[in-house]
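Given the sequences, and given the hints that come with them, work out the whole structure.
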Amino acid sequence: MAALMSLAEAVADLVHDGDTVAMEGFTHLIPFAAGHEVIRQRRRDLTLVRLTPDLLYDQLIGMGCCAKLVFSWGGNPGVGSLHRFRDAVERGWPNPVTIEEHTHAGLTMRYVAGAQDLPFLPLRAYAGTDLVGRTANLATIRCPFTGEELAAVAALRPDVAIVHAQQADRRGNVQLWGISGVQKEAVLAARRSLVTVEEVVDRLEPRPGAVVLPSWVVSAVALAPGGAAPSYAAGYYERDNAFYEAWDAISRDRDRFAAWMAEHVLRAPATVGESTVGDGVARNGGEGR
Amino acid sequence: MAALMSLAEAVADLVHDGDTVAMEGFTHLIPFAAGHEVIRQRRRDLTLVRLTPDLLYDQLIGMGCCAKLVFSWGGNPGVGSLHRFRDAVERGWPNPVTIEEHTHAGLTMRYVAGAQDLPFLPLRAYAGTDLVGRTANLATIRCPFTGEELAAVAALRPDVAIVHAQQADRRGNVQLWGISGVQKEAVLAARRSLVTVEEVVDRLEPRPGAVVLPSWVVSAVALAPGGAAPSYAAGYYERDNAFYEAWDAISRDRDRFAAWMAEHVLRAPATVGESTVGDGVARNGGEGR
Amino acid sequence: MTGAEVHPDGAGPATPYSPTEMMTVAAARALADGTVCFVGIGAPSLAANLARRTHAPDLVLVYESGTIGAKPSVPPLSIGDGELAETADTVVSVPEIFTYWLQAGRIDVGFLGAAQIDRFANLNSTVIGPYDRPQVRLPGAGGAPEIAAACRSVIVLIRQNLRTFVDRLDFRTSVGFGDGPGHRERLGLRGGGPQLVITDLGILRPDPATCELVLCQLHPGVQLDEVRARTGWDLAVADELTVSEPPSDAELAALRALQRREAKGSLTSD
Amino acid sequence: MTGAEVHPDGAGPATPYSPTEMMTVAAARALADGTVCFVGIGAPSLAANLARRTHAPDLVLVYESGTIGAKPSVPPLSIGDGELAETADTVVSVPEIFTYWLQAGRIDVGFLGAAQIDRFANLNSTVIGPYDRPQVRLPGAGGAPEIAAACRSVIVLIRQNLRTFVDRLDFRTSVGFGDGPGHRERLGLRGGGPQLVITDLGILRPDPATCELVLCQLHPGVQLDEVRARTGWDLAVADELTVSEPPSDAELAALRALQRREAKGSLTSD
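Chains as they are written, first to last, in the numbering used here: chain R, 1 to 289; chain S, 1001 to 1289; chain C, 2001 to 2270; chain G, 3001 to 3270.
Since the hints were made in silico from the structure, they are not lab data. Idealized CB from N, CA, C, for every residue including glycine. A portion of the hints provided could be inaccurate.
[Claimed, not checked] Simulated pairs of lysine to aspartate or glutamate, EDC-like, Cα-Cα distance not exceeding 16 Å:
id	chain 1	residue 1	chain 2	residue 2
1	R	Lys68	R	Asp17
2	R	Lys68	G	Asp3225
3	S	Lys1068	S	Asp1019
4	R	Lys68	R	Glu199
5	S	Lys1068	C	Asp2249
6	R	Lys68	R	Glu100
[Stated by the list, open to error] A short list of chain R residues far from chain S (calculated; beta carbon distances all over 10 Å):
id	residue
7	Asp13
8	Ala67
9	Asn95
10	Asp117
11	Pro122
12	Arg124
13	Glu148
14	Ala154
15	Gly209
16	Ala210
17	Tyr237
18	Asp240
19	Glu245
20	Arg256
21	Arg267
Take a look at the structure:
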C-alpha cells in the first residue's frame, strides 16, 4: 500500500546516493517537483534513466547529481540542445557523466521487460546503426522458429521510479490520463516508486485513456500541485513553452545556471519531516515560470 | 479504411475455406452473430483460434466448420464441458479435429508477437508441464544476458480476426469498452479483420477503458445489434446465463444439437448482397435466448 | 458440489452445513486481509468473495479477464462478468494481466482447482486417459500453469476421492512441486507453489523437506481412515492432526447470501 | 530556419517566400491524402499539418508520444503537446506505439531530420566528432532508427551544406541504404528506406540500382553548381533535372497561418 507522505519525506525515504532512478513522463507530467527535491537533498552518484532527458535532467546533471545517464533522446524539445547535458558529456562539468544510449524503442522495451520480470525482450531495432557494439544491455538473439536475428535488450529494474500523476485517492491509488508514455512500465519495473500528484481526491473517477496504478504497487504518494511545471498536466495546466525557450539562455552559461538553480530550486527547501500532505510541497508548483 | 458492409457480405469476402480464423472476446463481446454467419455460409477446414473456445466454437465444431483448434481453455464457463468439442476430440464427430493447446499466457503472447510483427516472444510459462513437447509453436530460448532459459512462442498471424465491438463511427473507426481481452492483438495480428458492432454512431465518444481500432487497421465493419448474445455487451445487454446453462443439455446430444442449430442458426440466413448496413443483420441478435 | 449435511454436535454453532460449505469457508479463512488474490470462477471466486465479506474487506481480487481490484456484489458466473469490470480499480488487457501482473510476481495467492492432484500437488486439468485418445477431454490449461508457477503461494481447492487424489496424473497441466525437492527451482519457477490443499475432508500442506502433501487437519466429523481410503497413494499424516473450526453462523449466513444472489443472477440476467 | 527570400520572376505566384518555406511546402506535397504518417516535431510536423490543411485532409498523423490520428489546430512545439492527445482518435502508451504500430509496419511515411546525411541517406543525429570525445553532442537516436527501419517509406528533411551533406558520417544513427544495394535486406529492415530527401536547395531520390542519392529537382532560383558546392561528395544528378513548382499563394497562406498560431501558442501557453 502506498504511504501518503510529504515530498521531502518521500525522497528522503526512497532515493539514496548511488541509486538507479527513473523519472519518467513523455513531455507530459514530467516530475519536476520531485526532481527538484532530489537536487535539494543533494543526492549524488545517481544513475539517471529517462527516454527523453530534457530540462529536469539538464538541471540534475548540472547540479552534480548524476554519474551515469541511460537515455534515448536528450534535447530541449522544439528548442535545441541541453547545455548542461552537453557540458557534462563534452567537458565533464561539473563531473564526468557516462552514458548508455538507446533508441526510444530499445529503452522502452528495457522497461517493459523489467515490468514483466523477464530478463530480456526481443525487438526489431538498432540493426546497422553505430549504437551496436557501443551500447550496453544490447545483444542479438535468434528466433527459435524462423532463425531470424533480432535485437534483444536487457530488462531494466530501477531502484526507484518517480512519476507525476493528476490524482490519487486517499488509499494511494493513482490515476493519470492524457499522454502516458512509459510511466506505468517504469513504476512496475522499479523496486520502489514515488508518485507525486496534483491532488488527492476521495474517489478516482474513471477517465478515458487513464492509467491506474493500484496503491499496492506504489511505495509512496506525495501531494505536489503544479509538480509537473514547466511541463504540463492535462486537465490542470498547460506547458510553459516560453520557459522551455528561456531555458536555452539560462542553461548555456555555468554561472547563470547555478544562480538560477540557487534562486529557484535550492532556496525552496521542503524540510524533511516538517511538512504534511496538503501544504508542505505545494510550493513546488509554478517554479521556473 | 474499413468498409461498412453487411455481415453476410463481410463473411463472404473475408472468410475462406481453409483459413485460420480467430474470433476473440474474453467472455465479453463474443462475436456470436459473425460466427453464426460463418456456419450459415458453410465454411470448412478452418483452423479456429481462440483463448476460450466456449459455446460459439462448440457450435462451429459441431457444425463441421473446424479442422484444427488452437486454444488454451475449452469449457462452458461456470457450467462445465463443451460437449461438441469433446465429441470431436474424443470421438471425431462430425469430423476429427486436431488441437494445438496452449496456456492463456502462451496463446496470448502468440497474438502479441503477431501484432508486433515479431517472429516470437519469450515468456515464463509451460516449464515442467506435459504441454512441453506436445504443443506446436512452443520452444525454449536462452536469455543472452543472464543465460536463463525461458519459453518462447511463435507469432500467430491469423488470416482473419473477427471481433464484436459496441460502436463504430461512419468512417469505420471502432470503439469497444469493458473487458477487452485480446481483441486488439487479434485484429492487429491478423491479415484481415471483421468487426461487428452494436451500432454505428456519428462520433465515438471517448470512454474509460476503451480500446479504439482506427478504421485503417480494420478490413470491414458490419452492423450486428445483439451480435454478442448470449454473451454480453457492456452498456447494451447482459450475459444470458440461463442460456449458458441450457446449452449443456442442448449440446449433449448430437441430434438435439443439430435440430437446435437448424432452427436457431441455419434458418436465419442473411443473404449475400441483400442487406445493407442498418437492417440486414440485426436479426442475428437475441438468438439462443 | 453439494454433500451430506454435517450437524454439529452442539459444542459449536448450531447451523448444519455441507462439506462443500466447510471447504469454501476454510478457503476463505486462508486469505488474510489485504492479500492480492488471483481468482478463478466457481469455488475460488465464492471463497474469495466470502473472505471479502467477512474478515478480509480489503482483499484485492484479480481475475484473469483483466479486472484488478474487482468488488462484485454477486459471485461472478464467468470471469468476464460485467460487474467485475464495473467495480474494478482498473481493467487491463489479457496480455497485460499475464505479463505485468501475474508473470511479474505481483500476486500473493492464486487459487486453483483440478480434476486430478498427486502427492506433490501437481495438477491435471487437461485430460483423463491418454492425451491422443482421451477418455475425458477436460477444458485444459487456461491460466493455471502460470498461476501455479508465479503466485507467491497457491491454494488448491479439490474434492478428495480416488478419482481426484491419484498416484500418477494422466497429464501434468500445472506444476506443484514437480518430482519433489528442488524441482521448482530447477524449472525456474519463481512462486512458492501450493502451500495449502483444501478438500471436502480436510486440509493438506506440503512437507517442507520432502514437498509431499501431508494431511494436517480434518474437517469436523471426518475420520482419518476415510481420508486414507479416498487418497490414491500412501497418505502422509501430521503428528498433530487438528480439526477445522466448523463454519460459524456468520460465515454460513454470508456464504448462503452470496449463493442466493449467484443463483438469482443466473436466472435473471436477461 | 530562415533564409533569403526568393522573389518569383513573375511567371508564378507573386508572393515571395523563403527557402525554408519551399522545403516545407515540398514536404507537404509529398504526402498523399490518407497516408499514415509518423511525425516528429519541428519541420516535419509543420509539413504534415500543412498537407492536412491543403490537399490531404485525411492524412493520419501518428506521433511517437502515442497519439494516433491527431488533428492539432496549432503545430505542436513538443510531441507530447496536450492538443495532440485531445484531438487524437486514440492515445496509446509509448511501448505500444513502438511495437504494435511502428515495428509492425503500419506506418506509410516516416519523417526524419538529421545533423548529417551521406550519399546512401544514412543519418547522424548522435554526435559530431568522436563518440567518446564529442565535439558536439547531439540529442541522439530517439525514435529515428526504428522509423528509418520500419516505415514503408521515409522522407528526410535537411538543409544542404558541407556540414550536413558529408562524405562520411561521424556516427550512423539511422540506416538509409547502409553501404549500398542489398544492405537493408541483409540487416532485416522491412521498410522501404528513404525515398525522398528534401533540402532547401532541391529534392534528391535514391537511384533504384545503386541506392545512391540523385539530385532530381532544383527549387526555383537554385543553380546546379551551388548544390554541387554544398554537397560533400561527388553528387549524382538526374538526366532530366526538373524545377520545383514554387509555393502557391494558398500554400504560403496556410503555412504562415500555421506558423503564426505556433508562435502565438508558444507565448501564451500559460
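Check: Is it the case that R:Tyr237 keeps its Cβ farther than 10 Å from each residue Cβ in chain S?
Finding: 21 Å, holds
Problem set entry | Verdict on R:Asn95 as a residue remote from chain S, using beta-carbon distances over 10 Å | 29 Å, holds
Point to revise | Verdict on R:Ala67 as a residue remote from chain S, using beta-carbon distances over 10 Å | key: 22 Å, holds
Margin query: Beyond 10 Å on every Cβ pair: is that true for R:Arg124 relative to chain S?
Written below: Label violated. Min Cβ-Cβ 7 Å, cutoff 10 Å.
Legend entry - Hint consistency between R:Lys68 and R:Glu100 [alpha-carbon to alpha-carbon, up to 16 Å]: Holds: R:Lys68 and R:Glu100 sit about 8 Å apart, inside 16 Å.
Non-interface label on R:Gly209, tested against every C-beta of chain S at 10 Å: 7 Å, violated
Review point. Given the proposed pairing of S:Lys1068 with C:Asp2249, does the C-alpha separation stay at or below 16 Å?
Key: Answer violated: S:Lys1068 to C:Asp2249 is near 51 Å, above 16 Å.
Verdict on R:Arg256 as a residue remote from chain S, using beta-carbon distances over 10 Å: 43 Å, holds
query = Within a Cα-Cα threshold of 16 Å, do R:Lys68 and R:Asp17 meet the stated pairing?
reply = At roughly 12 Å apart (the allowed maximum being 16 Å), R:Asp17 and R:Lys68 satisfy the hint.
Was R:Asp13 rightly flagged as not at the interface, with every chain S Cβ beyond 10 Å? 30 Å, holds
Query raised in the report: R:Ala154: least C-beta distance to chain S exceeds 10 Å?
Result: 4 Å, violated
Was R:Pro122 rightly flagged as not at the interface, with every chain S Cβ beyond 10 Å? Violated: least Cβ distance 6 Å, not greater than 10 Å.
The structure does not agree with the numbered hints 2, 4, 5, 10, 11, 12, 13, 14, 15, 16 stated previously, though it agrees with the rest.
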